[in-house]
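**Q** The residues making up each chain are set out below.
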Amino acid sequence: MAARFSLDDESVVVIVGSGAGGGTLGNELAQKGIKVVILEAGARHEYDDFINNEWASFSQLSWGDARTASGSWRVAKDFPHLPAWIVKAVGGSTTHWAGASLRFQEHEFKTATTYGNLAGANLLDWPLTLAELEPYYARAEEKMGVTRTGGRPGLPGNNNFKIMKAGATKLGYKECNTGHMAINSRPRDNRNSCQQTGFCFQGCKWGAKWSTLYTEIPKGEATGKLEVRPESHVAHIEHDASDRVTGVVYFDKDGKIQRQKARIVAVAGNSIESPRLLLNSASSKFPDGLANSSGQVGRNYMRHVTGSVYGLFEKPVHMYRGTTMAGIIRDEARHDPSRGFAGGYEFETISLGLPFMAAFLDPGAWGREFTTALDSYSNLAGMWIVGEDMPQETNRITLSETKDRFGLAVADVHVDDHANDIAMRAHGYGQGRKLYEAVGATRVFPTPPYPSTHNLGTNRMSEKPRDGVVNKWGQTHDIKNLFVSDGSQFTTGGAENPTLTIVTLAIRQAEFIAAQMQQNAI
Amino acid sequence: MSLDKAPHEQGQPKVGVSRRNFLKRSSLAFSAAIAITPAGALLNTSEAWGLEVKGLKPETARTLILIARDIYPHDRVPDRFYAIAVRPWDTKAASDPATAAEIEGFIAGLDKAAGNGGYVGLGWEADRVALLREASSSNAFAMLRADLVTSLYNQPALWSIFGYEGESFSKGGYINRGFNDITWL
Numbered sequence: 002m003a004a005r006f007s008l009d010d011e012s013v014v015v016i017v018g019s020g021a022g023g024g025t026l027g028n029e030l031a032q033k034g035i036k037v038v039i040l041e042a043g044a045r046h047e048y049d050d051f052i053n054n055e056w057a058s059f060s061q062l063s064w065g066d067a068r069t070a071s072g073s074w075r076v077a078k079d080f081p082h083l084p085a086w087i088v089k090a091v092g093g094s095t096t097h098w099a100g101a102s103l104r105f106q107e108h109e110f111k112t113a114t115t116y117g118n119l120a121g122a123n124l125l126d127w128p129l130t131l132a133e134l135e136p137y138y139a140r141a142e143e144k145m146g147v148t149r150t151g152g153r154p155g156l157p158g159n160n161n162f163k164i165m166k167a168g169a170t171k172l173g174y175k176e177c178n179t180g181h182m183a184i185n186s187r188p189r190d191n192r193n194s195c196q197q198t199g200f201c202f203q204g205c206k207w208g209a210k211w212s213t214l215y216t217e218i219p220k221g222e223a224t225g226k227l228e229v230r231p232e233s234h235v236a237h238i239e240h241d242a243s244d245r246v247t248g249v250v251y252f253d254k255d256g257k258i259q260r261q262k263a264r265i266v267a268v269a270g271n272s273i274e275s276p277r278l279l280l281n282s283a284s285s286k287f288p289d290g291l292a293n294s295s296g297q298v299g300r301n302y303m304r305h306v307t308g309s310v311y312g313l314f315e316k317p318v319h320m321y322r323g324t325t326m327a328g329i330i331r332d333e334a335r336h337d338p339s340r341g342f343a344g345g346y347e348f349e350t351i352s353l354g355l356p357f358m359a360a361f362l363d364p365g366a367w368g369r370e371f372t373t374a375l376d377s378y379s380n381l382a383g384m385w386i387v388g389e390d391m392p393q394e395t396n397r398i399t400l401s402e403t404k405d406r407f408g409l410a411v412a413d414v415h416v417d418d419h420a421n422d423i424a425m426r427a428h429g430y431g432q433g434r435k436l437y438e439a440v441g442a443t444r445v446f447p448t449p450p451y452p453s454t455h456n457l458g459t460n461r462m463s464e465k466p467r468d469g470v471v472n473k474w475g476q477t478h479d480i481k482n483l484f485v486s487d488g489s490q491f492t493t494g495g496a497e498n499p500t501l502t503i504v505t506l507a508i509r510q511a512e513f514i515a516a517q518m519q520q521n522a523i
Numbered sequence: 038m039s040l041d042k043a044p045h046e047q048g049q050p051k052v053g054v055s056r057r058n059f060l061k062r063s064s065l066a067f068s069a070a071i072a073i074t075p076a077g078a079l080l081n082t083s084e085a086w087g088l089e090v091k092g093l094k095p096e097t098a099r100t101l102i103l104i105a106r107d108i109y110p111h112d113r114v115p116d117r118f119y120a121i122a123v124r125p126w127d128t129k130a131a132s133d134p135a136t137a138a139e140i141e142g143f144i145a146g147l148d149k150a151a152g153n154g155g156y157v158g159l160g161w162e163a164d165r166v167a168l169l170r171e172a173s174s175s176n177a178f179a180m181l182r183a184d185l186v187t188s189l190y191n192q193p194a195l196w197s198i199f200g201y202e203g204e205s206f207s208k209g210g211y212i213n214r215g216f217n218d219i220t221w222l
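If you read the sequences in order, they're chains Y and E. Sequential numbering of the first sequence, starting at 2, is according to my numbering. Sequential numbering of the second sequence, starting at 38, is according to my numbering.
Errors might be hidden in some of the hints.
Claimed, not checked - Residues on chain Y that point at chain E, a partial pick, calculated with CB under 8 angstroms:
| # | residue |
| --- | --- |
| 1 | R75 |
| 2 | K78 |
| 3 | N118 |
| 4 | G158 |
| 5 | N159 |
| 6 | T198 |
| 7 | K316 |
| 8 | P317 |
| 9 | V318 |
| 10 | Y321 |
| 11 | G323 |
| 12 | L355 |
| 13 | A360 |
| 14 | G368 |
| 15 | D376 |
Note that these hints are calculated values from the structure, not bench results. Cβ atoms here follow ideal geometry from the backbone N, Cα and C, with glycine treated the same way.
Bound-form chain Y, shown alone (with noise of 0.2 angstroms):
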């Protein structure tokens, strides 16, 4: 049964946030008997709440709160107030995220190395290897019960993956299959298998896919040593005068500030919030922000390079029945330089449904050109790019002038597109052309990226102090008891979708962090 823990509990571990990386540190510490509070800034829908329909479910589960967004990238000028589509709820975006779940390659935690250098680019190596985590990878496919790992067998492809199937056949790709997926393929762990319901970016109804929400949350709590505070919105973490964090001040559910002590914090609230709330926590002694000794809170930010490509059919495809994410192609995830760029990216099937293929298809468009488009929505079938992006120290997220419901300063996103991410979206772009045409596609249209999803780097990770913000242990350098948790740690992004490494570094920060408090080290 759940805990409930005290306010001045000076002995809990805090953590802000509970997605893929607060929650699966939340459960791994409370299975060694770790006393954890998750403190969450959105409200907890069981998956019966989830919603069949994009509005609505947009509605119920996203991070509405403000945000600004600034720099060239385009969805700066279409969604000026939206730069990501994440999630507030228990559960973080591992409600409505796809459920992809691929392993690093070995040579993207060595980028600065392999890639050279690249002007404009702030590339660095990570401090540790894939050699290290390849262990920890394994546990995590086994926790998240990913489809052709382990001996689990592939998801069945739907009409959207059978004509990317047919495409890369054509182009000669060899890399192609219904993809590691962490959605049952068969019933496991007390969930249901895949129903291929669609709706997999609304929350799966059937808790098919993995979510904190329905394995690590309640997992944890029936060790007794968890307690989760939904609607619980962390304003700044405290320190005292020798350096260690104290504990965080947040607002309630009412409204009302609380103040949680704590032995250890843990910031997991994603790379847009969590280098918010390091900047927001600023004091007369560290008045950069806590742990920003090297300047680099908040700096880095990272998104994939990304864009779809939907080929249009004589025939009707009806891209939405069945897994959202159902297929992949691998072929273009290397580090191939002659392509003209450094790094790789994957083809992802993708669809939407058709109130958010009008939104997003080719927003701010209008007119015949644009609307025969959606006259042929049932025989569109599409893809994403999903790419390395190039950690720049100038994009970043600052504080903003705007302020919240709380008089917090909000984030601000700047991006400015690397020119190597340009090259790769137009690599991208011309290959789903080829691929749709290729097997009969009228048209093909090139979709620009949508608010952000992939949230990656602004905390990252750096042997060296001066280069970054955490250690190979997601270990603030600055502050021994203050971790980083989220995909905020990343030191570059890779061509992944990067929920499986960020559950991958929780299970294994999880082992450090209670080996040090076994030692008394924090």
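Guided by the hints, dock chain E onto chain Y, whose structure is given.
**A** Quick look at chain E alone, frame taken from chain Y:
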């Protein structure tokens, strides 16, 4: 008659989506297809719906229905859905004079640019779209288009026209209903 029920739910024959009906409708001038009643409501007898207008001039609401179609033209979608998409502006205008003034000003500008007969008097879509293109950099147009992309396409009743099936959980998903039924590849 109201917008919220389809004609066939009100005991009327279902109208609007067949090619024959489309041709019949489009042969009428738009201003004749949607009449303004003495009480200031809009009435479309061929599609069997009416719309009370509360915050805008009835003529303005009628023009907005045509503008909505000109922004997002779908020949198989009856006017009823465009009328439903326009209604939130009328509701907002009823309680917000600034919104009412912005919309009325935008329509007045279009009517003036269109000359005698105003915007709805321009019989050719291409002429109306040319006016909209000229107005498309205005804040009012940007607001109307941004609202419309949700208020038009987020109507579940029109999704079937596009072949989108909507909610599927209650039907058990598509695992036994054609998730992999393509045979033409």
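**Q** Each hint should be assessed against the structure and marked as holding or not.
**A** Going through the hints against the structure:
1. The beta carbon of Y/R75 comes no nearer than 15 angstroms to any beta carbon in chain E, farther than 8 angstroms, and the hint placing it at the interface is violated.
2. Restraint check, Y/K78 versus chain E: the minimum CB separation of about 11 angstroms is more than 8 angstroms; hint violated.
3. Look at Y/N118: its Cβ only gets to about 42 angstroms from chain E, farther than 8 angstroms, so that hint breaks.
4. The closest approach between the C-beta of Y/G158 and any C-beta of chain E is roughly 6 angstroms, which is under the 8 angstroms cut-off, so the hint is satisfied.
5. Proximity of Y/N159 to chain E holds as hinted, the smallest CB-CB distance being about 4 angstroms (cut-off 8 angstroms).
6. Nearest Cβ of chain E to the Cβ of Y/T198: about 3 angstroms, under the 8 angstroms cut. The hint holds.
7. With its C-beta approaching chain E no nearer than about 5 angstroms, Y/K316 sits inside the 8 angstroms limit, and its interface hint holds.
8. Nearest Cβ of chain E to the Cβ of Y/P317: about 7 angstroms, under the 8 angstroms cut. The hint holds.
9. The restraint placing Y/V318 at the interface with chain E holds, with a minimum CB-CB distance near 7 angstroms, inside the 8 angstroms limit.
10. Interface hint at Y/Y321: satisfied, since its Cβ lies 7 angstroms from the closest Cβ of chain E, which is below the 8 angstroms cut-off.
11. The beta carbon of Y/G323 is positioned within 8 angstroms of a beta carbon in chain E (closest approach about 4 angstroms), and the interface hint is therefore held.
12. The interface hint given for Y/L355 holds, since its Cβ lies 4 angstroms from the closest Cβ of chain E, which is under the 8 angstroms cut-off.
13. A cut of 8 angstroms between beta carbons decides the hint on Y/A360: the least distance to chain E is about 5 angstroms, and the hint holds.
14. Here the hint on Y/G368 is kept, as its CB sits about 6 angstroms from the closest CB of chain E, short of 8 angstroms.
15. The beta carbon of Y/D376 comes within 6 angstroms of a beta carbon in chain E, closer than 8 angstroms, and the hint placing it at the interface holds.
Hint compliance for this structure: hints 1, 2 and 3 are not met, and every other hint is.
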